[in-house]
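Hey, can you piece these two chains together into the complex? The hints should help.
So the sequence lines, in the order shown, correspond to chains A and B.
Sequential numbering from 14 applies to the first sequence in this note's numbering.
Sequential numbering from 788 applies to the second sequence in this note's numbering.
Treat the hints as calculated values from the structure; they're not laboratory data.
Please note: incorrect hints may appear among the correct ones.
[To be verified] Quick list of in silico lysine-lysine cross-link-like pairs, BS3-like style, CA-CA up to 30 Å: (1) B/K883 <-> B/K950; (2) A/K172 <-> B/K883; (3) B/K909 <-> A/K173.
[What the hints assert, rightly or not] Some residues of chain A that are not near chain B, with every Cβ distance over 12 Å (derived): (4) L18; (5) Y100; (6) E132; (7) Q137; (8) L163; (9) E177; (10) A216; (11) I251; (12) I292; (13) L317; (14) L324; (15) W328.
[As the list claims (entries may be wrong)] With the Cβ distance kept under 10 Å, some of the chain A side facing chain B (calculated, not the full set): (16) P46; (17) K173; (18) P287; (19) A288; (20) R291; (21) P295; (22) K296.
Bear in mind the structure is a predicted one, so any value in this text is a computation, not a measurement.
The beta carbon of each residue, even a glycine, is placed where N, CA and C say it ideally should be.
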Amino acid sequence: MDSLLSNFASPIVMAFALGIISRLIKSDLELPPALYKSISIYLLLAIGLKGGVELSKTPFDQVVWPVAGTLFLGVLTPITAFLVLRYLGRFDMSNAAGIAAHYGSVSVVTFIAAISYVESLGLQPEGFLPTLVALLEIPGIVVALMIPLLAKSGGGSLKKAFHEVFTGSSIVLLLGGLLIGWIAGPEKFVSVEPFFVHGFQGALVLFLLELGIITASRLQDLKKAGVFLIFFGVMVPILHGAIAVLVGQMAGLSVAGTSVFAAMVSSGSYIAAPAAVRIALPKASPSLYLTASLGITFPFNITLGIPLYYLMAEWSAGLW
Amino acid sequence: MTFPIGQTLSGELEKIQTPSGQFGISETLSHKLTWSHYVELLKIDEDLERQFYIKQSEQHRDENHMEMKRGVLVTIISERILRDDLIELIRECGSKGHTITSVVGDGSRGIRASDFEGRNVKIETIVNASVADAIVDRVSGQYLEDYAVIIYTSKVDVVRGAKYGL
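Isolated chain B (complex conformation) (with noise of 0.2 Å):
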């Protein structure tokens, strides 16, 4: 579990916190460390024995934050009829990979060209920034006007970066 940065929590930690003097009062401690590692060190009362785990839990969050990359997932949402196209274009595109999901839904065209192919599907794939750009761009000039099309982008971090072209 991450520690989020919100007014409240941070707010709660810091009461709790102020007390043994340990940690001080800071406003970026939230980004120091975790929340469980937070609620760990807190059961410690041997003051060597604290900072001992403090040490540790900072090195392990380098080790974890080391591995974690920023890339961006390009979500697609189509009918049936087009999933070999997509993947074709997403590949074109340069995505290295990417995750395929049946979904069932409704929208403004309602109506699909062939239930026996199967409903819509759900085309997933994380990559750089400008591999996405380029998706986007494509799928809105080839597939927008005339298909039920829904495209978008958040922004994610991932392990292994380098598997995404990161």
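Bound conformation, chain A alone (with noise of 0.2 Å):
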């Protein structure tokens, strides 16, 4: 209970909800959209670089067994929310397959919240991990977009989509970020390091106002998205959430860790993702995936979600 409300208290949280009310109030609040845009661009090479210089002092064994876990599950989730969709949810191919694409890829922030969250309680989780996000976040999608391909009712470019999926910005900064930092190496890093490191929980501060801002336009829409689409989106998480620690723990991940993960892989996506779906499937209806991940999940993960899989992970650790 305490490392719930621990959680509400993080000024991340607290920004998020900030967002929300803003709008909610109707406030004249607003990011201007560089800067929404600057934010991300360094928080996602931020990650990627200290995620590379971190992987540079990781033993190669060490992290196979992430690896492969990762690649598992990024597999295995966009088939298991397209079949509850699909079959439980009655939605049509489209749609259950857009919407899959967005939970089978990651969201890069939740990652983050959850980073912060573990390192709040006092523990440090691997360090490899962002290069878990940027693996996990292209296999998801491809999977969830070959499905109406298999089923012959495409529509839209799936050479178009792909080419978004691996050339997005996301994708682009992520891994640049990774081999820079990893070529780097921990000494030549020292000199960036004041920059993209104690600016980070700053910049991610505004980056969750501005996200409280764009889910709390979302929230109109929920009415519309029906009851499943709610239940859909704070279930398949943490079923998710759950399959992730178990997977996380067998290949060797910390508590913290495998919080993390869990964390990550419970997730939506909902910067790369909707451009590849877009593209792809056009007869999804965007009001549709977006508010599911960014509406429902997103808020979710961050308040309960992350405290969720940390305790699954203690728990679990407990068992072993």
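Here it is as structure tokens:
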């Protein structure tokens, strides 16, 4: 319970709440789009750089099982999400696959919030986790977009969508940052560390403020989305989180690392996936997939989900 | 400033000019010179001087008119995600250049797939009539059903028509 309350009192979560409130009271608060974009570039590059530096210090055999686990879950989660949507929720092919692509991929901000959360508890997750974020971003989208193709009811251009996935700004920045950090190593990283490490949490607060504003504007769509989507947006992340806790521990991650791993596997993308889905599945409704990932799952994860995954990880670590 | 074809204004012009008898009453008068030319010419008292400047004005008008060509301005407003595809499309149809602006708006669809990439874009290109038709046909066929897209054309007069394939 304490771990839950401490999460609500974090500046990140409170800034997110402030963003939502500002929209609800119709404040004129608005971050300039250029600033929002600049901060996201900064955040993505910063995680990449830090992850790359950590990766250069990590022996290969420590990384190989978590990488395998990530790829396995990257393929599994879009399929479970699709099956739930298609057969329990009775969504049509395009919408089921479109939403599944979001849940197969990963929300980088949820990942960062999870790192901040476990660090606030005094724990240190594995440094190479950003590598796993980059790996998890792609397969989920690809698998989900393949489903309608196999069922022969696509419509959009899969080639263009894949181009969008592999060359999207989030992947370029994450992978680019990882590579730069890995090549530079800890010693050369020292010169840029003050900017990319010390400013990170502050920038994250600003970013969450904007995400709160965006989320609040999605809340109006909740009525249209229906009860099933709300159920889906909460239950499927918990299901994916629970599977990820098992996989994470089998792969040898620490409790802190497992919690972060579960948070990222459970999260739904809202940067890379929407663009790819819009191109590959033009019939899928953006208001459904964005409302699910940004309006339901994201707020759930950063408030209740992350502490829950931590509790699951701690509990299951006691069983082994 | 060009002189608009309007009943009231040309009427005014005739009233002013009739006493001097210089320009006469002509229905087509407004097409001969521009309004700003007339304003300048009316100020001149000396007959010979005015005749000289009338000739000059006509020459000036002819030079200007030689450069103007009739083209079609095609304007497409769409969600940001289609930007690169639409540019490729208008190029394939034969457009030789375009201007893009970021725009904000709202419509029946409302929601965009990617706020991260930016809001909406307005793409403008000046082309000849057949290219304009081709662009409108392809955009209508490929995008109007599933995406937030507005496309319209307007007739424009441009200088250096060859630049736009006119």
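**OP:** Could you tell me which of the hints above the structure violates, numbers in ascending order?
**Re:** 9, 12
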